[in-house]
Amino acid sequence: GNSVTQMEGPVTLSEEAFLTINCTYTATGYPSLFWYVQYPGEGLQLLLKATKADDKGSNKGFEATYRKETTSFHLEKGSVQVSDSAVYFCALSGSGGSNYKLTFGKGTLLTVNP
Amino acid sequence: GAGVSQSPSNKVTEKGKDVELRCDPISGHTALYWYRQSLGQGLEFLIYFQGNSAPDKSGLPSDRFSAERTGGSVSTLTIQRTQQEDSAVYLCASSPHRVRLAGYTDTQYFGPGTRLTVL
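First to last, the protein sequences are chains H and W. My numbering applies: residue 1256 is where the first sequence begins, and numbers increase by one. My numbering applies: residue -12 is where the second sequence begins, and numbers increase by one.
Quick caveat, the hints were computed from the structure, so don't treat them as lab data. Hints are supplied without guarantee of correctness; some may be wrong.
Under 7 Å between C-beta atoms, here's a sample of chain W residues computed to sit facing chain H [unchecked claim]:
| hint | residue |
| --- | --- |
| 1 | Leu26 |
| 2 | Phe32 |
| 3 | Tyr35 |
| 4 | Gly38 |
| 5 | Thr94 |
| 6 | Phe97 |
| 7 | Gly98 |
| 8 | Pro99 |
With a straight-line Cα cutoff of 27 Å, these simulated BS3-like cross-link-like pairs (lysine-lysine) come out [as the list claims (entries may be wrong)]:
| hint | chain 1 | residue 1 | chain 2 | residue 2 |
| --- | --- | --- | --- | --- |
| 9 | H | Lys1315 | H | Lys1361 |
| 10 | H | Lys1307 | H | Lys1356 |
| 11 | H | Lys1332 | H | Lys1311 |
| 12 | H | Lys1361 | H | Lys1307 |
| 13 | H | Lys1356 | W | Lys44 |
| 14 | W | Lys(-2) | H | Lys1361 |
| 15 | H | Lys1311 | H | Lys1323 |
| 16 | H | Lys1315 | H | Lys1332 |
| 17 | H | Lys1356 | W | Lys2 |
We put the CB at the ideal spot given by N, CA and C, even for glycine.
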């Protein structure tokens, strides 16, 4: 079945540091890939997505590129802010008839210190 | 516009009691999903509704769990005879379209969740 593996946290960075959160996946067919973010006390929000190989999703300074050859979708940001402190989830949706079902990684807690 | 709402936000119950969790999707969204977020298992898919029917119930962990959706809108997740392992945050999401086409990706919008604690 489908699975997502993301780097375990917690990750602690200083403001303006570079962020990478690794995500790799196992899936049949051609899944779509997502990063969701959960800020303290809030629900899951879609951060960015990519639907086919070599697509780059981007939002709020975050980027991730769909790499089919390495089955990866690593999240990056050049300069993090305190307000980026949250839990980040990598996810995929199945292809074909089950493309509604999201499979999530375990989540990575990011803390950014001033 | 209004997002997905869930109620109650917190529910504490005793082992063996039944609970009902409610989800109000974004108006006009035809697809609705329930997920469970627990410390041990992470985020797990439970059930998917398209309109009022549930073509995929494969994630429901046991027959104590059931869900229904009425009027293509509100959904209720019911857990009968709750157990301590049912303690988790139950998340509801909705999306606009019928997800049939290969390669089509329908963005899911999540509610804030209901935190269920079974004592």
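Cross-check of the supplied hints:
A least Cβ separation of about 10 Å between Leu26 (chain W) and chain H goes past the 7 Å threshold, and the interface hint is therefore violated. Of the supplied interface hints, the one on Phe32 (chain W) holds, with its beta-carbon coming within about 5 Å of a beta-carbon of chain H, less than 7 Å. At about 5 Å, the closest approach between the beta carbon of Tyr35 (chain W) and any beta carbon in chain H falls short of 7 Å, and the interface hint on this residue holds. The beta carbon of Gly38 (chain W) is not positioned within 7 Å of any beta carbon in chain H (closest approach about 13 Å), and the interface hint is therefore violated.
Hint on Thr94 (chain W) holds. Least Cβ distance to chain H is approximately 6 Å, under the 7 Å limit. With a cut of 7 Å, the hint placing Phe97 (chain W) at the interface with chain H holds, because the nearest CB-to-CB distance is about 4 Å. Given hint, Gly98 (chain W) at the interface with chain H, holds; its Cβ is 6 Å from that chain's nearest Cβ, closer than 7 Å. Because the beta carbon of Pro99 (chain W) sits about 4 Å from the nearest beta carbon in chain H, less than 7 Å, this interface hint is met.
Distance hint between Lys1315 (chain H) and Lys1361 (chain H) is fulfilled; the C-alpha atoms sit about 22 Å from each other, no more than 27 Å. Distance check on the hinted pair: Lys1307 (chain H) and Lys1356 (chain H) sit about 17 Å apart at the alpha-carbon level, within 27 Å; holds. Note on Lys1332 (chain H) and Lys1311 (chain H): the hinted pairing holds, with a Cα-Cα distance of about 13 Å set against a maximum of 27 Å. In summary, the hint linking Lys1361 (chain H) to Lys1307 (chain H) is supported, as the alpha carbons are separated by about 23 Å, within the 27 Å threshold.
Pair hint Lys1356 (chain H) plus Lys44 (chain W) holds up; C-alpha atoms about 11 Å apart against a cutoff of 27 Å. Under the criterion of a C-alpha separation no larger than 27 Å, the hint pairing Lys(-2) (chain W) with Lys1361 (chain H) is consistent with the structure, at around 24 Å. A threshold of 27 Å between alpha carbons decides the hint, and for Lys1311 (chain H) with Lys1323 (chain H) the separation of about 12 Å falls inside it, so the pair holds. A threshold of 27 Å between alpha carbons decides the hint, and for Lys1315 (chain H) with Lys1332 (chain H) the separation of about 9 Å falls inside it, so the pair holds.
As the CA atoms of Lys1356 (chain H) and Lys2 (chain W) are separated by approximately 30 Å, the hinted pair breaks the 27 Å bound.
Of the numbered hints given earlier, the model fails hints 1, 4 and 17; all others are met.
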